[in-house]
Amino acid sequence: MSNILTAENLSKSFNTGDKKLTVLDSVSFEVESGATVAIVGPSGSGKTTLLGLCAGLDVPSEGTISLVDIKLNALNEDDRAYVRNQHVGFIFQNFQLLPTLTALENVMLPLELRGEKNLLRRAKELLERVELIDRGHHYPSQLSGGEQQRVAIARAFMSNPKILFADEPTGNLDEDTAGIVTKLLFDINREEGTTLILVTHNLELAQHTQRILQLKGGKLVSDRRLPANETIVSDLTSEQESFTA
Amino acid sequence: MEYIIKIKKDKKNLLTDKWVWSMAWKDARNNFSRLFLFISSIVIGIAALVAISSFNNNLQEDIDGQAKELLGADYVVHANTAIEPSFMARMDTLGIEIANTSSLASMAYFMTSTSGTRLVRVVAMKGNFPFYGELETSPDSAYKVMKENGAYAMVDSNLATQYDVSTGDSIKIGNITFQYAGEVKNIPGGGAVQASFTPSIYIPMEYLDSTGLVQYGSRVNHDIFLKTQTTKIAEDIADLLKNDVKKQGHTFETVESRKENLGEAFENLYRFFNLLAFVALILGCIGVASSVHIYVKEKRATVGVLRCIGASGWQVFNIFLIQTVSLGILGSFLGVILGLGLQYSIPAILGEFIPLDINVAISWVAVSQGMLVGIVIAILFSVLPLISVRFVPPLVVLRNAMESSRKVTKTMVLTISLIVIFPLTFAAFLTKSWAVGAMFFGGLLVAFGCLALFAKFLTFLVKRFFPHGWNFIWRQSLSNLFRPNNQTTVLVVVIGLGAFLVATLSLIQNSLLNQVEFVGNENQSNTILFDIQPHQVDGVIQLVSDNNLPINQVVPIVTTRLKSLRGKTIDIIQKDTSDNIPNWALTREYRVTYRDSLHQSEKLIEGTMQREVVNSGDTIFVTISEGLKETLELEIGDRVVFDVQGIPIITYIGGVRDVEWSNDPPNFIFVFPKGVLEPAPKIFVLTTKTTDKATAGVFQRELITAFPNVSAIDLNIILETLQTFFDKVAFVIRFMALFSIITGLVVLAGAVINSKYLRMKENVLLRTLGALKKQIVAMTLIEYGYLGFFAGLTGVGLSVISGWGLATFFFEVKFSPDYLSLLGVWGVVILLTMIVGWWNTRDVVNSSPLEILRREVL
Chain D
989 MSNILTAENL
999 SKSFNTGDKK
1009 LTVLDSVSFE
1019 VESGATVAIV
1029 GPSGSGKTTL
1039 LGLCAGLDVP
1049 SEGTISLVDI
1059 KLNALNEDDR
1069 AYVRNQHVGF
1079 IFQNFQLLPT
1089 LTALENVMLP
1099 LELRGEKNLL
1109 RRAKELLERV
1119 ELIDRGHHYP
1129 SQLSGGEQQR
1139 VAIARAFMSN
1149 PKILFADEPT
1159 GNLDEDTAGI
1169 VTKLLFDINR
1179 EEGTTLILVT
1189 HNLELAQHTQ
1199 RILQLKGGKL
1209 VSDRRLPANE
1219 TIVSDLTSEQ
1229 ESFTA
Chain L
59 MEYIIKIKKD
69 KKNLLTDKWV
79 WSMAWKDARN
89 NFSRLFLFIS
99 SIVIGIAALV
109 AISSFNNNLQ
119 EDIDGQAKEL
129 LGADYVVHAN
139 TAIEPSFMAR
149 MDTLGIEIAN
159 TSSLASMAYF
169 MTSTSGTRLV
179 RVVAMKGNFP
189 FYGELETSPD
199 SAYKVMKENG
209 AYAMVDSNLA
219 TQYDVSTGDS
229 IKIGNITFQY
239 AGEVKNIPGG
249 GAVQASFTPS
259 IYIPMEYLDS
269 TGLVQYGSRV
279 NHDIFLKTQT
289 TKIAEDIADL
299 LKNDVKKQGH
309 TFETVESRKE
319 NLGEAFENLY
329 RFFNLLAFVA
339 LILGCIGVAS
349 SVHIYVKEKR
359 ATVGVLRCIG
369 ASGWQVFNIF
379 LIQTVSLGIL
389 GSFLGVILGL
399 GLQYSIPAIL
409 GEFIPLDINV
419 AISWVAVSQG
429 MLVGIVIAIL
439 FSVLPLISVR
449 FVPPLVVLRN
459 AMESSRKVTK
469 TMVLTISLIV
479 IFPLTFAAFL
489 TKSWAVGAMF
499 FGGLLVAFGC
509 LALFAKFLTF
519 LVKRFFPHGW
529 NFIWRQSLSN
539 LFRPNNQTTV
549 LVVVIGLGAF
559 LVATLSLIQN
569 SLLNQVEFVG
579 NENQSNTILF
589 DIQPHQVDGV
599 IQLVSDNNLP
609 INQVVPIVTT
619 RLKSLRGKTI
629 DIIQKDTSDN
639 IPNWALTREY
649 RVTYRDSLHQ
659 SEKLIEGTMQ
669 REVVNSGDTI
679 FVTISEGLKE
689 TLELEIGDRV
699 VFDVQGIPII
709 TYIGGVRDVE
719 WSNDPPNFIF
729 VFPKGVLEPA
739 PKIFVLTTKT
749 TDKATAGVFQ
759 RELITAFPNV
769 SAIDLNIILE
779 TLQTFFDKVA
789 FVIRFMALFS
799 IITGLVVLAG
809 AVINSKYLRM
819 KENVLLRTLG
829 ALKKQIVAMT
839 LIEYGYLGFF
849 AGLTGVGLSV
859 ISGWGLATFF
869 FEVKFSPDYL
879 SLLGVWGVVI
889 LLTMIVGWWN
899 TRDVVNSSPL
909 EILRREVL
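Protein sequences appear in the order of chains D and L. Per our numbering, the very first residue in the first sequence carries number 989; after that it's consecutive. Per our numbering, the very first residue in the second sequence carries number 59; after that it's consecutive.
Hints were generated in silico from the structure; no laboratory data involved. Each residue gets a CB set at the ideal place from its N, CA and C atoms; glycine is no exception. Hints are all accurate, no fakes.
To be clear about the criterion: a stretch of chain L counts as covered by chain D if any three or more of its residues have a C-beta under 8 angstroms from a C-beta of chain D, and this derived list gives those stretches: (1) 350–364; (2) 443–457.
The calculated EDC-like cross-link candidates involving lysine to aspartate or glutamate, where the alpha carbons are at most 20 angstroms apart (straight line), are: (3) L:K70 <-> D:E1104; (4) L:K305 <-> L:E293; (5) L:K70 <-> D:D1067; (6) L:K76 <-> D:D1066.
Label pairs and their calculated CB-CB ranges: (7) L:P525 <-> D:K1171: 58 to 64 angstroms; (8) L:N88 <-> D:I1121: 19 to 25 angstroms; (9) L:N88 <-> D:E1163: 30 to 36 angstroms; (10) L:N88 <-> D:S1132: 17 to 23 angstroms; (11) L:I477 <-> D:D1164: 52 to 58 angstroms; (12) L:L476 <-> D:D1175: 52 to 58 angstroms; (13) D:E1113 <-> L:N88: 25 to 31 angstroms; (14) D:K1112 <-> L:N88: 17 to 23 angstroms; (15) D:E1113 <-> L:L430: 46 to 52 angstroms; (16) L:L430 <-> D:D1122: 46 to 52 angstroms; (17) L:R457 <-> D:G1181: 28 to 34 angstroms; (18) D:T1052 <-> L:L503: 48 to 54 angstroms.
Generate the whole structure from the sequences, applying the supplied hints.
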């Protein structure tokens, strides 16, 4: 299977006054098309920074990143935006729906941006899939957190992205709702055959993926592939506790 | 492995990218209230511009259309001395229709149910004046009756109303008693202002001599009106008679010159209005920029999401540009409608100050100008804050605190350049002068600069001398002035500018009013009797004493003209094109006096004052007022020859006096020493002080009966008229300034709302931590109180400088600030700022912290 994402020696540093703060240090990995990958690690380990770089939301200080055979480093911000629109879907911890658009309009947004037409049917199908078809004309402020995240999932899959990036998708939800959202996310992902990169603290959520990349202090400290029906939760939990204490 | 390093994509521009248009609409449809400040700024700014421009255009058209009717003739000669028979004969040879008027000030005694005496302008008429325009009377036949029936007089309508004059009543003027023919409602060249200061009585010319009013020293103005077949003939006559008219010291007017004169007369009005339009518009521009800035801040999260899902920087920029430009067009349209509506109110307020029938009509020039300027403002002043959305990183969806990359782009440089050029060009366009435009613009920059500097200085001072010992609420409020993201500079500039404008207007108004409040001094005269012939002096003094009135001054007045200056005759100076002395100053009649001491209204600022000439051969040194010294370009020691009734008197300038003209009149340009003019023909002026209206009435009736040619100026009446006049002017000024003030308030609200978003989170956190509602309100009130206090102080402080400049150099009056009203302006500014600040915190104090926090997350 071909790689959809290749990161080589990715580093990201920020200047804070006189000092240089390195948040990501020579991280390299590859992701095959259709894989599901979780990036875990304690706060400040560089998870979100890595996600941002992989999705083309930011550029690395050093190293290269290629997404769907496109070298993101070589592109300017507008070109990267174009790549995101064509190939990438997003789900965020705080949902990030546009407050001025209805749920249905939020779902249609990525394809409307592409200039495509006849989107209503697919948007409604996706809303039906996330069980919100009767809330399509509601604005985000009229929806609960779980409902908003379901709309965000529908939006993420609307453009048939080749790769989906999710940043703590259940981070703002209660346990029951998180369970529903997780199930929906992985079910639809399987149905659509999308590559999924997930950043999370939630090891139970990470457990749903096929591979777990673990970051610590900006370095990739482990890359574990999970054979079907195998769990590494206990190992990670003990490490996670030491990170977050 | 080969990677793609270049993206091929369809390039769409603003017009072809349908998504941008659809997104602009979807995003804005439930969001218009967020742009209320934006649209308000444009509506009010454009309304001011359209109302003022339309009025100016209408006025200009009316001047052009009515100049002939206002002049009443094709060619007019104005003279303040008797017309020479040779000159009159020359006019007669032209073989065209001529009419004459002669006018002079005199007392009139109204023998009516509300009888009384009053100083009026007596206008003696001969011929068929006016040739153009209409002399409106009531009854219609009044003019015919006056001309044909003998001793009949017409009276200005305000005078007729004041003394309740009706058919059958009589009016005594000088030695003649006239029957009342009717009232004059409108006369070409007249005007309500003139009528309220010097109301007129119109009599046939053949009775003027019999009144006995024209005696030695009387000031009579003569006008000769000519009617020609065409305007061209009038211009030819003007050319033909130009030298003669100049030589005699007269002046002339044609329809064209009347147009120019009227235009010039309204020049200050135009300038004042244009200044207001400029200020309103600039405040509107700030309002636009400020509200778009707030809008962009609110939209940061939306921008992040759009960037994240693949919208380009330009696409996001275009979404908000479409919204602001569309609202700009709507705002300009509404502004134009409001401006046209307001335009109708201006003539109603200003009508009586203008001797024209103002025809209110839609000025399409003003309308197009308003629309164009509105759209330009909407684009220009929203582009700069909007540019920042292009640089909002998509990472803000992951990290809210992510800062935008700060780039200086070509678009930014171009926009800033245009923003600088726009107000300068617009001011130049309004004033039709690059120099005046640059002055407006410069003044604006100075005011802005001073306010901004003061704000920075204030922030520094507060930080440097922070009172750590104060209680929490006061410290918290004070520290908001220098914390990160503080709005101190913006608020001080905006609030300060509003205070600056209002306080400047208040100062100018006071300075103007103070010029006329000269009767208030306890011992100062309030009644002036003039045109007293030498043989009448004792009798008048006796009459004044009999009425138990004080005799403050008895001043001799001798009528003279200039014969030569510094050895050059007036003729030569007139012909010398390099000489800048105005003709009126050379040819006018000078009323001089002689005395051995300075009057209380004057100070000797240069040279000495010769008290008396003892021997007939001694050199005569006169003193001159400072103003005329400059006009006549004279210096101490210069030779001035006067013509006193045909006798040349050689004098030298001995001293220069600074004269406070309004203080205890009469005051004089030239004062001779004693021992020179005593034998010359002269008249006397006597000044006294009446205590009440009844005494004044009785005295004036006795005066007109015993001495019909002697006139009395009652300064109390003049003061009342002036007070009314200035009240109206002040109202007009305030009404027009209201445009600027309302725009200023919109900007103030915008700036305060902007700061609200910055303070909201902090206040919610304080509420969460247990701060009471009253503590939050107190902190807000104190913070905005500080801002109002300092901004008001700076604005009012700057207004003292601008008020002094305007009073001294523009209005040429003494700068008389009323510090109490300045304190009032300052107080109102503080109060308003606190109210607007409090209004903005209602949201925080009246909602639960959770509600706000949740809203913030969304």
